[in-house]
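K.L.:
From first to last, the protein sequence lines are chains A and B.
Just so you know, the numbering used here puts the end of the first sequence at 276, numbered straight through with nothing missing.
Just so you know, the numbering used here puts the end of the second sequence at 1113, numbered straight through with nothing missing.
Hints were generated in silico from the structure; no laboratory data involved.
Positions of the beta carbon are idealized from the N, C-alpha and C atoms, including for glycine.
There could be a bad hint or two in this list.
[What the hints assert, rightly or not] Each computed SDA-like pair below joins lysine to any residue, with the alpha-carbon atoms no more than 20 angstroms apart:
id : chain 1 : residue 1 : chain 2 : residue 2
1  : A       : K72       : B       : Q1074
2  : A       : K210      : A       : L246
3  : A       : K44       : A       : H4
4  : B       : K1101     : A       : K72
[Stated by the list, open to error] What follows is a set of in silico ranges between Cβ atoms, one per label pair, in the way DEER data are often shown:
id : chain 1 : residue 1 : chain 2 : residue 2 : range
5  : B       : T1035     : A       : L112      : 36 to 42 angstroms
6  : B       : S1042     : A       : A38       : 54 to 60 angstroms
7  : A       : A31       : B       : E1052     : 21 to 27 angstroms
8  : A       : R27       : B       : S1023     : 28 to 34 angstroms
9  : A       : A121      : B       : T1035     : 51 to 57 angstroms
10 : B       : S1023     : A       : L112      : 33 to 39 angstroms
11 : B       : K1038     : A       : A123      : 51 to 57 angstroms
12 : B       : S1042     : A       : Q125      : 57 to 63 angstroms
13 : A       : R27       : B       : T1035     : 51 to 57 angstroms
14 : B       : P1045     : A       : A31       : 20 to 26 angstroms
[As the list claims (entries may be wrong)] Rough simulated footprint, nothing fancy, chain A against chain B, three-plus residues with beta-carbon under 8 angstroms:
id : region
15 : 1065-1079
16 : 1088-1101
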Amino acid sequence: MSHHRLIVLAALIVPTACAHRIPEELREARASYKQAAADPATRKETPAELDEARRSLTRAERSYVVEGDSPKTRDRAYIATRKAELALVMGRTADHVEAARNAELWQAREALAAEQAENAANASQLATEQELRAEAEQRAALAITALAEIAAVRSEPRGTVVTLSGSVLFASGKSELLPSATSRLTQVAEALAAGDPGAHFIVEGYTDSKGRAELNQQLSEARAQAVRDFLVEHGVAADRIEARGLGETQPVASNTTAEGRANNRRVEIVIQPPSP
Amino acid sequence: MRATFFSLVFVMFAAGCATAPESQELAASIASVNTAEKLGASQVPEAAQALESAKHEVAWARALIVNRKHGRAQLMAERAESDAALAIALVREHEARRAAKQATPPGAAAPTH
C-alpha cells in the first residue's frame, strides 16, 4: 500500500469522524437551558419546570454519549429544548401577572391618595371658612358693644337695632343733621364699618303723629337718607346700606305725651347679619 | 368480484384504524393538543408554530406506531406533548402580557416593586 492510498483513505475517514459531531438539536437544547437557568424570573417563579428541563437535557446528553447522533438523541434534545422554553415562558408569564397586579395595586393606591388629598383640602377649606366666620362674628359683637355705649341697642328677629333719638340728630321739622350729631354718628359709622363685613344695614326714619302723615312720611325718608349719606361718607360701603322712611306708622310710645312723641321721633339702624 | 375486493379493502382499512395502537403517551399528547387548540393557540402568533409542530408530531407518532417503531413513537409522543405544553404556555403568556398592558395606564410606569 502506497502512501498515496493511505492519504486517500484518511481523507475518506476524517470527514466521517468529523460528521460525528454534536447534533444541532443538542446544541440548541444546551443553549436554551443555559438561557432559562440564567433568567432570574424563571429561577424564581418556575423552579420545578427549570429542574424538569435540566433532567431532560441530562437525558439527551446521556443519549448522545450512549447512542451518538441518533434520531432518538435528537428527539430527546428537542424535548429538552421545549422544556427549557416552557420554563422561560412560564417565568415571563408569572412576571406579567405580577406586573398587572402591581399596576392595579398602584392605581388603587393613587386613587386613595387623591381622595385623601381632596378630603384634606376640603377640611382645610372648611376650617378656613369657619375661622373667617368666627372672626367676623367676633368683630360684629365688638361693633355692637361699641354701639351700645353711644346708642340704645336691642336684639330683634330682623337683626340688631340701634336707635338714635331724633332730637339729637335733627332740628324740629328739618332733615339736615345737627352739628352736634356728627360725633355720635361718626362713632356709629366706625362701628358699622368695623363690624361683620357680611352684614347689611337699613336706616329707618320715624316721626311722631303731629302734622300731616304725608309730610311726616317725607320727613322720615329725608332724615333716613341724611343719616345713610353721612354713614356712607364716613366709611360704610354704599351697597351695604339703604334708607327708608316709615313716617308715623310705627310708634314705640304714646303720641299723647311730649315724652312719648320724643321717643317716637327716632332713627333706627337695623344690622342684618349675613344670611348663612 | 370487484365489489368484494373493495369491501375487503374497506374492512381492512377500518380495522386498521380502529386497532391502531395508541400509547398512553400519545393519548396524553393528543389531549394537550386539543387543549391548546381550545385555548386558541392557532390565533396567537407565538403559539401557532408550537401547535403546528405538536400536531405534526402526533401524526408522526401514529405512523411510527403503525410501523412498529414503538421506542421512537414514544419519544415522538413526548415531543408532541412538549410542543403542546409550550403552545398552551405561550397562549397564557400572551394573555398575561395583554392584561398587564391594560392594567398599566399609558404614560404611567408602575413601580417595579
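K.L.:
Against each hint, give a clear statement of whether it holds in the structure.
P.N.:
Checked hints:
1. Under the criterion of a C-alpha separation no larger than 20 angstroms, the hint pairing A:K72 with B:Q1074 is consistent with the structure, at around 10 angstroms.
2. Straight-line distance between C-alpha atoms of A:K210 and A:L246 comes to about 14 angstroms, which keeps the hinted pair within the 20 angstroms bound.
3. About 61 angstroms separates the Cα atoms of A:K44 and A:H4, which puts this hinted pair outside 20 angstroms; it is violated.
4. Under the criterion of a C-alpha separation no larger than 20 angstroms, the hint pairing B:K1101 with A:K72 is inconsistent with the structure, at around 42 angstroms.
5. The hinted window of 36 to 42 angstroms between B:T1035 and A:L112 holds, with their beta carbons roughly 40 angstroms apart.
6. The given range of 54 to 60 angstroms is broken by B:S1042 and A:A38, whose C-beta atoms sit roughly 31 angstroms from each other.
7. The hinted window of 21 to 27 angstroms between A:A31 and B:E1052 holds, with their beta carbons roughly 22 angstroms apart.
8. A C-beta distance of roughly 29 angstroms is found between A:R27 and B:S1023, which places it inside the suggested range of 28 to 34 angstroms.
9. Our hint of 51 to 57 angstroms for A:A121 and B:T1035 holds, since their Cβ atoms are close to 54 angstroms apart.
10. Checked against the given bound of 33 to 39 angstroms, the beta carbons of B:S1023 and A:L112, roughly 57 angstroms apart, lie outside it.
11. One distance hint, 51 to 57 angstroms for the beta-carbon pair B:K1038 and A:A123, holds here, with the actual separation near 55 angstroms.
12. Between B:S1042 and A:Q125 the beta carbons are some 59 angstroms apart, a value that agrees with the proposed interval 57 to 63 angstroms.
13. Here the CB-CB span from A:R27 to B:T1035 is close to 31 angstroms, at odds with the stated 51 to 57 angstroms.
14. Under the hint 20 to 26 angstroms, the C-beta atoms of B:P1045 and A:A31, about 23 angstroms apart, fit the expected range.
15. Remark: the region 1065-1079 of chain B is confirmed as covered by chain A, as 6 of its residues place a Cβ nearer than 8 angstroms to a Cβ of that chain, reaching the required three.
16. Check result for the region 1088-1101 of chain B against chain A: holds, 8 residues qualifying (beta carbon to beta carbon below 8 angstroms, three or more required).
Hints 3, 4, 6, 10, 13 from the earlier list are contradicted by this structure; the remaining hints agree with it.
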